Amino acid sequence: MRAEIYCSHKFRMANVYWKQFLTGLALISLAFGAISCRVLANDEEFFGKTTPPPRNLLRYVNGAEPESLDPAVSSGQPEAHIYMALFEGLVEYHPKSLNAIPAIAEKWDINNDSSEFVFHLRKNARWSNGEPIDAHDFVYSVRRAISPEVASRTAALAYYIKNAQAFNQKSVFVRDPATNQFLLQRDFAAAGTPVSEALSQKGLAPNELEYGATATSPPSHTHTEFHQSMHSPARLVLPADEKRRKNLVESDAKLAAAVNGKEFVRVVGEDIGVEAVDNYTVRVSLSQPAPFFVDLMAHPLFRVVHRKTIEKYGASWTEPANIVTSGPFKLKWWKPYNELVTERDPMYWDVANVQLDEIRFYTSTDHPTSMNLYRVGGADALINHSVPNPWLDVVRPKKDYMDAAEAAITFLLINVTQPPMNDLRVRRAFNIAIDKETYSRAKRTTKPLSAFTPTGIFVGYPQPKGESFDAELARKLLGEAGFPVTKNSDGSFACEKFPVQGLSLIFATHTSNKAVAEFMQAQWKQNLGITIPLGNMESKTHMVAVNKLEYKGFALRIWGADYMDPTTFLNMFLTPSDSGSGWWDQKYVDLLEEANHTLDRQKRYELLAKAEKYLLDAQPMIPIDTPSVNFVKKPYVKGMYPNPASLYAWKFVYIERDSSKWDYKTPSLSD
Amino acid sequence: MLRFIIRRLLITIPTILVVITITWALVRLAPGNFYTGDKKLPAAIEQNIREKYGLDKPWREQYLRMMADVLRFDFGTSLSYPGQSVNGIISRTLPVSATVGILAYLLALAVGIVTGSIAALKQNSKWDYASMTLAMVGISIPNFVLGPILVLVFSLMLYWLPPSRWEGFPSRNIILPVITLSAIYMAYIARLTRAGMLEVLGADYIRTARAKGLSETQVVVRHALRGGLLPVVSYTGPALAFLLTGTVVVERIFALPGLGTYFLHAASNRDEPLLIGIVAFVAIVLLLMNLLVDIAYAYLDPRIRY
Numbered sequence: 001m002r003a004e005i006y007c008s009h010k011f012r013m014a015n016v017y018w019k020q021f022l023t024g025l026a027l028i029s030l031a032f033g034a035i036s037c038r039v040l041a042n043d044e045e046f047f048g049k050t051t052p053p054p055r056n057l058l059r060y061v062n063g064a065e066p067e068s069l070d071p072a073v074s075s076g077q078p079e080a081h082i083y084m085a086l087f088e089g090l091v092e093y094h095p096k097s098l099n100a101i102p103a104i105a106e107k108w109d110i111n112n113d114s115s116e117f118v119f120h121l122r123k124n125a126r127w128s129n130g131e132p133i134d135a136h137d138f139v140y141s142v143r144r145a146i147s148p149e150v151a152s153r154t155a156a157l158a159y160y161i162k163n164a165q166a167f168n169q170k171s172v173f174v175r176d177p178a179t180n181q182f183l184l185q186r187d188f189a190a191a192g193t194p195v196s197e198a199l200s201q202k203g204l205a206p207n208e209l210e211y212g213a214t215a216t217s218p219p220s221h222t223h224t225e226f227h228q229s230m231h232s233p234a235r236l237v238l239p240a241d242e243k244r245r246k247n248l249v250e251s252d253a254k255l256a257a258a259v260n261g262k263e264f265v266r267v268v269g270e271d272i273g274v275e276a277v278d279n280y281t282v283r284v285s286l287s288q289p290a291p292f293f294v295d296l297m298a299h300p301l302f303r304v305v306h307r308k309t310i311e312k313y314g315a316s317w318t319e320p321a322n323i324v325t326s327g328p329f330k331l332k333w334w335k336p337y338n339e340l341v342t343e344r345d346p347m348y349w350d351v352a353n354v355q356l357d358e359i360r361f362y363t364s365t366d367h368p369t370s371m372n373l374y375r376v377g378g379a380d381a382l383i384n385h386s387v388p389n390p391w392l393d394v395v396r397p398k399k400d401y402m403d404a405a406e407a408a409i410t411f412l413l414i415n416v417t418q419p420p421m422n423d424l425r426v427r428r429a430f431n432i433a434i435d436k437e438t439y440s441r442a443k444r445t446t447k448p449l450s451a452f453t454p455t456g457i458f459v460g461y462p463q464p465k466g467e468s469f470d471a472e473l474a475r476k477l478l479g480e481a482g483f484p485v486t487k488n489s490d491g492s493f494a495c496e497k498f499p500v501q502g503l504s505l506i507f508a509t510h511t512s513n514k515a516v517a518e519f520m521q522a523q524w525k526q527n528l529g530i531t532i533p534l535g536n537m538e539s540k541t542h543m544v545a546v547n548k549l550e551y552k553g554f555a556l557r558i559w560g561a562d563y564m565d566p567t568t569f570l571n572m573f574l575t576p577s578d579s580g581s582g583w584w585d586q587k588y589v590d591l592l593e594e595a596n597h598t599l600d601r602q603k604r605y606e607l608l609a610k611a612e613k614y615l616l617d618a619q620p621m622i623p624i625d626t627p628s629v630n631f632v633k634k635p636y637v638k639g640m641y642p643n644p645a646s647l648y649a650w651k652f653v654y655i656e657r658d659s660s661k662w663d664y665k666t667p668s669l670s671d
Numbered sequence: 001m002l003r004f005i006i007r008r009l010l011i012t013i014p015t016i017l018v019v020i021t022i023t024w025a026l027v028r029l030a031p032g033n034f035y036t037g038d039k040k041l042p043a044a045i046e047q048n049i050r051e052k053y054g055l056d057k058p059w060r061e062q063y064l065r066m067m068a069d070v071l072r073f074d075f076g077t078s079l080s081y082p083g084q085s086v087n088g089i090i091s092r093t094l095p096v097s098a099t100v101g102i103l104a105y106l107l108a109l110a111v112g113i114v115t116g117s118i119a120a121l122k123q124n125s126k127w128d129y130a131s132m133t134l135a136m137v138g139i140s141i142p143n144f145v146l147g148p149i150l151v152l153v154f155s156l157m158l159y160w161l162p163p164s165r166w167e168g169f170p171s172r173n174i175i176l177p178v179i180t181l182s183a184i185y186m187a188y189i190a191r192l193t194r195a196g197m198l199e200v201l202g203a204d205y206i207r208t209a210r211a212k213g214l215s216e217t218q219v220v221v222r223h224a225l226r227g228g229l230l231p232v233v234s235y236t237g238p239a240l241a242f243l244l245t246g247t248v249v250v251e252r253i254f255a256l257p258g259l260g261t262y263f264l265h266a267a268s269n270r271d272e273p274l275l276i277g278i279v280a281f282v283a284i285v286l287l288l289m290n291l292l293v294d295i296a297y298a299y300l301d302p303r304i305r306y
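Chains as they are written, first to last, in the numbering used here: chain A, 1 to 671; chain B, 1 to 306.
In short, the hints are calculated from the structure, not lab data.
Values in this document were obtained by computation on a predicted structure and should not be read as measured data.
Heads up, a few of these hints could be off.
Result set (SDA-like, lysine to any residue): computed pairs, CA atoms no more than 25 angstroms apart in a straight line [what the hints assert, rightly or not]:
hint: 1; chain 1: A; residue 1: Lys514; chain 2: B; residue 2: Val249
hint: 2; chain 1: A; residue 1: Lys170; chain 2: B; residue 2: Asp56
hint: 3; chain 1: A; residue 1: Lys107; chain 2: A; residue 2: Ala80
Bound conformation, chain A alone:
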């Protein structure tokens, strides 16, 4: 709201009865408005001052206050930025592509169907207190991160690891006390459910067959007992909660008979498929092939944390006096809701290549406030999406404005469980009645979207096309569904039989969300003659309504990628309860499963695209756009690329004092 003040020529005023006073004030505000528009719309090349800071430090406006310094805890972007400074994992995000690059692991081998990984750790990695980092540290960190006690919100990202889900959900195995054998999942799988055939689940084969000839150091000498147990069929997993377990067992006669007289063994951290083969080798076994898993391992959830510190201090291990870190930077001080300052860690294995002396993460949740600070030279770069929409006209032409595609999608979720939206024809009509091209032109920073994956993010992915704008067909479809659209004498449309009662388009309170919702509403009114009421909700209220299907009609959602693979979007409809639309289809799940079992990358992509097409045809949602990254960074800040997830490996970022080497446009991601 405050952003508008700068360039609008009217102020909202309380009732003031002195006429001349009002006139005077109007004049003053006009003057302010005129001056401010001139100030902001000047002809500078860059938005504000471009004097580099005197020292090699980066002042980064990081948005919200970080919840916690524990990398297992938070899923937000401000936290991810800080975790990437303080903690390192086996791999790190590439500054441009976000693919995995070596970090604590020097190199890694991937088995032939991407279901098992062997990481070779460098021997010179050290904690900020000087102790060496080894394979056991990583194993501890993963077990801890997904333990139910830590209650991590991002733990589901590790569910690909064998037994990780069972451990996180406090499930139990079933063991026969007489033979010490565990019951197996495949004996109880419902008919038709595909049984995983990942290499990691089958008996051990000679190394060449598992890893191919390219593996740098065949880990054949390392067939441990644990590895044997990983390479056996999956065990049967039942809920730990006795009531739920009883219900489940009683509903299945075969299961009840098999479980009788057996003992239940709690799944523990030692059961998950993460093994320290020796001090500097880690083997990770998955329960299914996941070609993107190495990239996923750069996520903060998998970064190493210091066991002794955590065991000594408990919840307060992250306090500045206690914390021991593994990343290129260490904590210098933390003034909550003000600034968190990190400095180069001399113990870091690659310290010679860490360019910045210090990174100062500033907390500022108000975008105009952040922009002002940037403008006067009090900050060097801002977090993504910090340029307020009304400022775009002024800021966008500047050379320090960063513009690139983002790994996210905007869409309207549809509650398909209630009439009239349970009718596919109605859903299709509402989709193709929206002119997304016009929308994106009006919004300026986005690309129109007809699919359920972002456009221009996954290289080589044959993204399917959804239906495009066709108001004529939309009206016809509604007619077929029993809601004829009639044309009024003035050229507008009406659809009197359509039951609008109770339907709404709900969105979380935010100026930009409101603009999207209003545009959609106007399109439907114009092309179908139907006015869907808007429901503006506080953000958490909105989330609860979506998750519990407590809305009728449409819900505006924005979904950001957790990792760089189409499944980060497509998996949203994997279970009946998770999407918030009520739509679920076994065929869709099978298609995804089939794709994930496909070794050839391009073929896998094609199968994923087939699944996506299937989803688009069923249309439990209406895609709207692929948003753009939009933030500003000073031209002297180099090595910071507007990558699709806005995550920066900080050791590559530096301050360039030679103005001929500055960035005079958005740096390219492709070279």
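Could you slot chain B onto chain A? The hints should help.
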């Protein structure tokens, strides 16, 4: 007098408990939880979180445990900032809010009383009109408009003052927030002073004071101001409470790590312990300030006896 104070302090206790209960109930009734985010959590992960924070227990048990903690002045650990105690957050942020608040309060009092008095003494003069017009502007412009205008002029155009952030006290960063915060109070105090003074200046005891040959300064400072400031006193007590405990808008505009910032955060994130802690603290300060106002009344107005 002492009995009055003790009685008032005792009434404070049940009031605070009621306030806390209502706050607790309201957070519980609001949809969503502190862990509700952009993406839906798998049921098992939600269950892990609920167990970790005792949210799976019956609500009576949770309420009683919360109350027991509150009575020991231990508000527990923040839910949205794991590992940070509520008491720690309050004691850390209060100095920030209080510094800005007290400075704004002093500025408002000084400017407000002086302008108000001048306006009253020179009633219907151009001084009167000018100061009252300014006061009207001060009351009418909300601080979320005034703040950005000040930033625009003094930071972005003139580069005199930093536009935001807290650098401790004293620092130049504090100037703009203090002015922004004090403007509306300044304006109110000026108008209240003027009204109070005008009423008192016509009173018999002022005529008496003049009649016994006191100088005009003595009449104004010793007699008129004392009576004329009564409305100001009853206004500034609660005002000081609000200024001390932080203002959401100004702290947000200037990115100040104060109590108001956390108040807003706690409410929108359903951070129950943090919210209850801050509400209880604000309620206590507010009730104490009201008590102080009543005591000050007794001192300023000889007619009042407790």
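Here is how each hint holds up against the structure:
For the given pair, Lys514 of chain A sits about 22 angstroms from Val249 of chain B by alpha-carbon distance, which is consistent with the 25 angstroms threshold. Of the pairs offered as hints, the one joining Lys170 of chain A and Asp56 of chain B holds, with about 16 angstroms between alpha carbons and a cut-off of 25 angstroms not exceeded. For the proposed pair Lys107 of chain A and Ala80 of chain A, the alpha carbon gap of about 24 angstroms is at most 25 angstroms, so the pair holds.
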